[in-house]
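Model the full assembly from the supplied sequences, consistent with the hints where possible.
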Amino acid sequence: MYLCGKLLTQIIIVMKKVLYCIIMCICCICISCQSSEQIMIDAVNQVNSSCPIEISKLSTITKVEFVNNEVIFYITYDESEDSFQDYTYQDLKRLESNPKFVKDVMKDIFRQPTVKAAFKDMTLKVAEEINLNLKAVVKGNSSNLELVCKMSWTDVLLVNK
Numbered sequence: 059m060y061l062c063g064k065l066l067t068q069i070i071i072v073m074k075k076v077l078y079c080i081i082m083c084i085c086c087i088c089i090s091c092q093s094s095e096q097i098m099i100d101a102v103n104q105v106n107s108s109c110p111i112e113i114s115k116l117s118t119i120t121k122v123e124f125v126n127n128e129v130i131f132y133i134t135y136d137e138s139e140d141s142f143q144d145y146t147y148q149d150l151k152r153l154e155s156n157p158k159f160v161k162d163v164m165k166d167i168f169r170q171p172t173v174k175a176a177f178k179d180m181t182l183k184v185a186e187e188i189n190l191n192l193k194a195v196v197k198g199n200s201s202n203l204e205l206v207c208k209m210s211w212t213d214v215l216l217v218n219k
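Throughout the sequence shown, residue numbering follows the working numbering, covering 59 to 219 in sequence.
In short, the hints are calculated from the structure, not lab data.
Just so it is clear, CB atoms sit at the ideal spot from N, CA and C, and this is done for glycine as well.
Wrong hints could be hidden among the right ones.
[Unchecked claim] Label-pair distances were calculated between CB atoms; the ranges are:
hint, residue 1, residue 2, range
1, I69, N127, 39 to 49 Å
2, D179, I71, 18 to 28 Å
3, L216, I69, 27 to 37 Å
4, D213, T172, 20 to 30 Å
[Stated by the list, open to error] Taking lysine-lysine and the BS3-like style, the derived pairs with C-alpha atoms no more than 30 Å apart in a straight line are:
hint, residue 1, residue 2
5, K121, K165
6, K161, K121
7, K121, K208
8, K165, K197
9, K183, K193
10, K115, K174
11, K197, K208
Rendered as structure tokens:
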């Protein structure tokens, strides 16, 4: 009986240690995700504090949001440019699914010095921890037509090499 009680005591001690290790691992994961998310929130706030930000002669970042692990850039496009007038509504909506257009939009965003500086600490590891995706909502300044471009952070890193 004495051996059985001693064995039971040893098992309880081992189980307590295992449970403690599991709890510590969960805490570390939660803290890591929170800090990764905080890096993203800080980057978004830094960009927002500088808005509006001119990307080119025709486009401006007006606002940035971080919602459900997605960074959303709101961009206004000046439709007064003659070349823009040549497109029909269907032509413009097709651009959303054109990989070259999406890449060009993301390149333009991340070439902008303010955006580039704000996101410099966003590594692939951090982005993967929060499953980060990016979206650009490009809106015409007179027609209010919206084009939505989406890309993962991994793809953005590849595009901007």
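Is the gap between the beta carbons of L216 and I69 within 27 to 37 Å? violated, 51 Å
Run the distance test for K115 versus K174: straight-line Cα separation, threshold 30 Å. holds, 18 Å
Given pair status - K193, K183, alpha carbons within 30 Å: holds, 19 Å
So does I69 sit 39 to 49 Å from N127, Cβ to Cβ? holds, 41 Å
For the pair D179 and I71, does the Cβ-Cβ distance stay inside 18 to 28 Å? 43 Å Cβ-Cβ, so the 18 to 28 Å window is violated.
Checking one constraint from the list: CA of K165 to CA of K197, max 30 Å. Satisfied? Satisfied, since the Cα-Cα distance of roughly 17 Å is no more than 30 Å.
Holds or violated: 20 to 30 Å for the Cβ distance of D213 and T172? holds, 21 Å
Has the given pair, K121 with K165, been kept, meaning a C-alpha gap of at most 30 Å? holds, 17 Å
Mind checking the alpha carbons of K121 and K208 for me, to see if they're no more than 30 Å apart? This hinted pair holds, its Cα atoms lying about 16 Å apart.
Can the restraint linking K161 and K121 be considered satisfied, given a maximum Cα separation of 30 Å? Cα-Cα ~20 Å, so holds.
Pair hint K197 and K208, alpha-carbon separation not exceeding 30 Å: Within the cut-off at roughly 14 Å; holds.
Going down the numbered hints, you'll see the structure goes against 2 and 3, while the others check out.
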